[in-house]
Amino acid sequence: CISKDEDEVEDTEVLADRKRRQHNRRERQRRKAVWSRFLTLRDYVPELVKNESAAAILILNKATDYIHSLQAEEQKLLLEKENLLLSWASWSPGHWLGSQVPSPVLCNSLPLPSPC
Numbered sequence: 613c614i615s616k617d618e619d620e621v622e623d624t625e626v627l628a629d630r631k632r633r634q635h636n637r638r639e640r641q642r643r644k645a646v647w648s649r650f651l652t653l654r655d656y657v658p659e660l661v662k663n664e665s666a667a668a669i670l671i672l673n674k675a676t677d678y679i680h681s682l683q684a685e686e687q688k689l690l691l692e693k694e695n696l697l698l699s700w701a702s703w704s705p706g707h708w709l710g711s712q713v714p715s716p717v718l719c720n721s722l723p724l725p726s727p728c
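Numbering-wise (the working numbering), the sequence shown opens with residue 613 and increments by one.
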């Protein structure tokens, strides 16, 4: 005959085993989701697109490098845009109005510069 205490111990062990299996399953799902995100990140980094076996640390390092290069490129383009806007703004409205704008007829009648 099984005592009530033994029955409770067995129930507790079964419950603990079930909780442990649930925890392990959730942890596997979490690791799988994290790795899936690493693979997605890898696919955004041109240097790693073809590297199917890239380790997580390599993905993070190369992604960081790529982000820095994109930021530098963005700064370069913003500076270029600013310079173009300043250059454009330096032209007074009079440059585009009236006789200062060469007409196509006038332009076609001007002699072409001789090649040097």
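Keep in mind that the hints were calculated from the coordinates and are not lab data. Be aware that a few hints might be false.
Stated by the list, open to error - Straight-line distance between alpha carbons at most 30 angstroms, and here's what the computed DSS-like set of lysine-lysine pairs gives: (1) K631 - K644; (2) K662 - K674; (3) K674 - K688; (4) K631 - K662; (5) K644 - K662; (6) K693 - K662; (7) K644 - K674.
Stated by the list, open to error - Across the chosen pairs, the derived CB separations fall in these ranges: (8) A645 - L689: 31 to 37 angstroms; (9) T652 - T624: 38 to 44 angstroms; (10) N695 - P658: 26 to 32 angstroms; (11) R637 - P658: 18 to 24 angstroms; (12) A684 - D655: 19 to 25 angstroms; (13) E685 - R632: 22 to 28 angstroms.
Heads up, the beta-carbon is just placed ideally off N, CA and C, and yes, glycines get one too.
Evaluated hints:
1. K631 - K644: Holds, at roughly 20 angstroms.
2. K662 - K674: holds, 13 angstroms
3. K674 - K688: holds, 21 angstroms
4. K631 - K662: Answer violated: K631 to K662 is near 40 angstroms, above 30 angstroms.
5. K644 - K662: Holds. K644 to K662 sits at ~21 angstroms (cutoff 30 angstroms).
6. K693 - K662: Distance of about 34 angstroms is beyond 30 angstroms: violated.
7. K644 - K674: At roughly 21 angstroms apart (the allowed maximum being 30 angstroms), K674 and K644 satisfy the hint.
8. A645 - L689: 31 to 37 angstroms: holds, 35 angstroms
9. T652 - T624: 38 to 44 angstroms: About 42 angstroms separates the Cβ atoms of T652 and T624, which means 38 to 44 angstroms holds.
10. N695 - P658: 26 to 32 angstroms: holds, 28 angstroms
11. R637 - P658: 18 to 24 angstroms: violated, 36 angstroms
12. A684 - D655: 19 to 25 angstroms: holds, 22 angstroms
13. E685 - R632: 22 to 28 angstroms: violated, 50 angstroms
Against the hints set out earlier in the document, violations occur for numbers 4, 6, 11 and 13.
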